[in-house]
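Chains as they are written, first to last, in the working numbering: chain A, 1182 to 1292; chain B, 19 to 134.
Just so you know, these hints were derived from the structure itself, not from any lab. One should not assume that every hint holds.
[What the hints assert, rightly or not] Pair by pair, the computed Cβ-Cβ distance ranges are: (1) B/Q59 to A/S1209: 21 to 27 Å; (2) B/G46 to A/H1221: 27 to 33 Å; (3) A/N1211 to B/E70: 42 to 48 Å; (4) B/Q44 to A/H1221: 20 to 26 Å.
[Said to hold, decoys possible] Below, simulated EDC-like cross-link-like pairs (lysine to aspartate or glutamate); rule was C-alpha separation at most 16 Å, straight line: (5) A/K1279 to B/E72; (6) B/K31 to B/D121; (7) A/K1250 to A/E1195; (8) A/K1279 to B/D121; (9) A/K1233 to A/D1192; (10) A/K1233 to A/D1263.
Glycine included, C-beta positions come from ideal geometry on N, C-alpha and C.
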Amino acid sequence: DAKTTQPTSMDCAEGRAANLPCNHSTISGNEYVYWYRQIHSQGPQYIIHGLKNNETNEMASLIITEDRKSSTLILPHATLRDTAVYYCIVRAWWGAQKLVFGQGTRLTINP
Amino acid sequence: ETGVTQSPTHLIKTRGQQVTLRCSSQSGHNTVSWYQQALGQGPQFIFQYYREEENGRGNFPPRFSGLQFPNYSSELNVNALELDDSALYLCATPGTSGGGGTDTQYFGPGTRLTVL
């Protein structure tokens, strides 16, 4: 079973920041938080990952709470092309490459 | 681009037939994982290959099997196809092309299998 909980769907206006929450209250000390997204019928696309510090790259920012039990993915200026299903996954940084996907959040960017 | 390619893009088979799906990666990593994604669901882990040996399997029956070759390309074979095998099949390998580091999984575009 997935170790994360996400809202089923969210809407955001184009040009605004999209904030996608994820709950991972059972995360252990050696587990990272990974975010992927999947645009219709394509392979999942890696977005960002982090352990305990906030992270930022050219696609998004990841904010992880101090107790690491939840995180938020931020798309700072959402475009129509950001419409996708977003998956939050926790996994250990070493060893097994298995990713356990939940249902994800279906994010719709509206013009 | 992830550098992970899969073939074919689409495939239609009938129940009881056998199918082979292929995956290759520019990263040359010695680990490959396969996932099945039914319509409306998240991807489900089938198995992983490491240095040409199966190294972990999800809740899939033995009629799902795989091969990994010395050039790190990989095949997923499914025997005795059932209607419920209709899905998007994804392979993933670790790599560095996407900025996530050597331990991040990168996915191919998938093969859409339809079983009639």
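Each hint, compared with the structure:
Checked against the hint of 21 to 27 Å, the pair B/Q59 and A/S1209 passes, with Cβ atoms roughly 26 Å apart. Separated by about 30 Å at the C-beta atoms, B/G46 and A/H1221 satisfy the suggested range of 27 to 33 Å. Here the CB-CB span from A/N1211 to B/E70 is close to 28 Å, at odds with the stated 42 to 48 Å. Distance hint check: the CB atoms of B/Q44 and A/H1221 are about 25 Å apart, consistent with the given range 20 to 26 Å.
The hinted pair formed by A/K1279 and B/E72 meets the criterion: a straight-line CA distance of about 13 Å does not exceed 16 Å. A distance of roughly 35 Å separates the Cα atoms of B/K31 and B/D121; the hinted pair therefore is violated under the 16 Å criterion. Distance check on the hinted pair: A/K1250 and A/E1195 sit about 29 Å apart at the alpha-carbon level, beyond 16 Å; violated. For the proposed pair A/K1279 and B/D121, the alpha carbon gap of about 11 Å is at most 16 Å, so the pair holds.
Proposed proximity of A/K1233 and A/D1192 is contradicted: the alpha carbons are some 27 Å apart, above 16 Å. Of the pairs offered as hints, the one joining A/K1233 and A/D1263 is violated, with about 25 Å between alpha carbons and a cut-off of 16 Å exceeded.
In this structure, the earlier hints numbered 3, 6, 7, 9 and 10 are contradicted, and the remaining ones agree with it.
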